[in-house]
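Q: Chains as they are written, first to last, in the numbering used here: chain A, 1 to 619; chain B, 1001 to 1201.
Hints should not be assumed to be uniformly reliable.
Claimed, not checked - The calculated DSBU-like cross-link candidates involving lysine-lysine, where the alpha carbons are at most 30 angstroms apart (straight line), are: (1) LYS344(A) - LYS1120(B); (2) LYS1140(B) - LYS613(A); (3) LYS1186(B) - LYS550(A); (4) LYS559(A) - LYS1120(B); (5) LYS575(A) - LYS1111(B); (6) LYS550(A) - LYS1002(B); (7) LYS559(A) - LYS1002(B); (8) LYS1111(B) - LYS553(A); (9) LYS550(A) - LYS1179(B); (10) LYS1140(B) - LYS54(A); (11) LYS355(A) - LYS1120(B); (12) LYS1002(B) - LYS12(A); (13) LYS559(A) - LYS1140(B).
Just so you know, the hints here were simulated from the structure itself, not pulled from any lab data. Since this is a predicted model, take the numbers as computed values, not measurements.
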Amino acid sequence: MSNIILGNPGEKRFLMGNEAIARGAIEAGVQVATTYPGTPSSEIADTLAEVVEKTGVYMEYSTNEIVAVETAAGASICGARAMVSMKHVGLNVASDALVTLAYVGVRGGFVLVCCDDPYCWSSQNEQDNRYYALLANIPCLEPSKPQEAKDMLLNAFQISEKLELPVMMRLVTRVSHIRAPVILGSLADKRKTEHVRNPKRFVMVPANARCRHLVLLEKMGQAKEISEQSKFNSMYGRGKFGVITGGASFNYAMEALNMLNMDASVLKLGFINPLPEKTISDFLRKHAPILVVEELEPFLELQVKAVAKDWAPKVKIHGVLEGFTPRHGELSTRIVAEALCRIKGKPLKDYRISKVSHAEELSPRRPPSLCPGCPHMASIYAIKVAGGPKAIYPTDIGCYTLAYQPPQSIGDIVICMGSSAGISCGMSVAVDNPIISIVGDSTFFHASIPGVINAVYNKHRFVYAVLDNLTTAMTNFQPHPGTGVTGIGEITKRILIEDIAEACGVEFVKVVDPFDLKSALSTVREAIKHDGPSVVVFRRICAVLEIEEKRRKGEEVPKYQVDREKCNNCMACIKLLGCPPLVASGGQVSIDEALCVGCGVCAQVCPLGAIIKVGDKKV
Amino acid sequence: MKNTNVVACGVGGQGVLLATSILANTAMREGLDVLASEVHGMAQRGGSIVSHLRIGRELYSPLVTEGSADLILGFEPAEVLRALRFAKNRTWIVVNSRPIMPTTVSIGVSKYPAFEVIVKEYLRFSKFVVEVDAMKLALKAGSSLAQNIVMLGASAATGIYPMKNEALQSCIQELSPGKYLDVNLKAFEVGFHSVSSRKRM
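Given these sequences and hints, build the entire structure.
A: Okay, here's the thing in structure tokens:
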């Protein structure tokens, strides 16, 4: 894996979109790459983290997305090429910095790579971040394939330096996480860096901001000229019927046209902000009707219609607004084929394409779940037993979010990173129920500290349970400030969650080992009684990392089994803990040895002492 | 040349991604166009996994269109049910016969159908069904972890891939972690022979 993006110019590699971006960063001579991990963007920075030594790129996992943008901006303003990557919702966090960064502009090329997640494969919403490019008024490019992602990134740096503006690249899951052959290019030299003092440009007090807004508007006028000339806005196919599309949607549109053997001229828009108005108006004058194919919001459609109003008012333009494609979820070849058929007034079956049959209803639900031996299950057991059914359990973004499902069934609200603290503040004002709020370690550092300070300052009462598994597990085990290791494996000062809680003024702060269930339980009970905000840190390393470590050292992993003589199949282990190796079949509980990682927590949970280590007693 | 559409499905942790990666890299080296789509992040935590792979030329969509799969490579019987919407009436369905029970079954919110019921459902879509006891064969090759490579070998015996066995084997050789190299090569072989030695269905 580690060398997948290293290689000589001309070599062909089978790369994921995100890996192609990482390779592009090296080819562009990026000096500073920052991120906060989040699916579907994580592999961009993770891939770079593996090659820092060989490439000399500085890479960091910043505490959150706004810090990542600011760090990259600081480097860029000193002349370095900088790239910042994040998932779509990360840009909500970072938008404050981005919007005004567009006013001051940049010096070294600055590219923000943002990965949207239509269908919410691994996200809390499916917002369409193309609108951020409009909001911040910055250039935006959108690729369809890994090779194009790399090519565009190189171009994005050139545009950024030419206009001295931050440039955005928008990917979606089906570009970030698709693989295709990519040809490696040559590496650029690193830029010289120096700080140049210029407060009128960089200090955004109102008087300067008013001037810089005009500068931004003027530069975006130039950006429109670049968009008109861009090779990433291109034509495919032929025919009177016109399709306007871009990004992942282009792939489905082309496939659908091929499948139906339908003639159409396709305008593929890769430079999506500002849009090439002249190119679009030329296309509208020559083609009719028009189908705009895009995922989620009518971003292209509305702007194409605005162009049409002046240049081709009679052309029929169809898209999301009339429901030709849905405003939610991912597109597919089939959805686009249906839209094409609707325009032609000929049903899909006339093209001898069969209707889709399903057999899914027979298949048992298999949602993602916590892993065998996950310490969060033990923490949640203690929290639930102490809190009981009356308590309210706000939760947050991380692996523990998965525990909202049975059997753990814990989690009353999740909206965004770090929200558990603020939400709990408001709940504690509104109702008298005990509130036990759950957050993970990386999420705690990311965005919940102001919420904790708010709880102390404004005298709110709730238990803040910080589930510290010493990694950012959900997004592939990146380190964070509480681990004492940086993204490139250097040792650094370890920042302890309990120290922060105390510094915020929390008076009840305790650290427990979730595998010591008895003491974890009594600590949560004590915390509930505390008159004020309290913090309980449940600290134990992620089970996946622990098992990896044990296997590497060659340590034996014990297994547990059910003592048939003692077990009365009360299901307490499954219902209260719910570790995946615990299975019930025909009313009888057993432990799948292949899955068991030997944590022994279920043996503590069993009221009858019927779970024992394999080898301790003959069963 | 006709395009080859493969949908591989299973449960997070079964090695679905490595298996499709071997297929894709082999095809690329043979000069074919390849597109694949994977699942990462939340969906990998023990949940259902579907991975798409398309080999051929003039490929645009990284996803196989419903009703157009040439092969469903199933690592888990009930997961194949979810992927049947990609099947047409001559799709090869190569399936690992060993079920993995989801927690939803243990806590009684879902039912796991009997294997015969599942296979009957496959046959509604296509009669080209090949069952493989991948666990047994992987253990024969030396490790239960090699079930994914057994499945790869078994699927190669259908003749569906536009690549030669030798090309696949040399790619396995390159992509396998050192200590699993011999096991994986053996796993491919036993998987292949377990199917090629059967009567044509």
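Q: Can you give the numbers of the hints that this structure goes against, from lowest to highest?
A: Checked against the structure, the hints that fail are numbers 1, 4, 6, 7, 8, 10, while the rest are satisfied.
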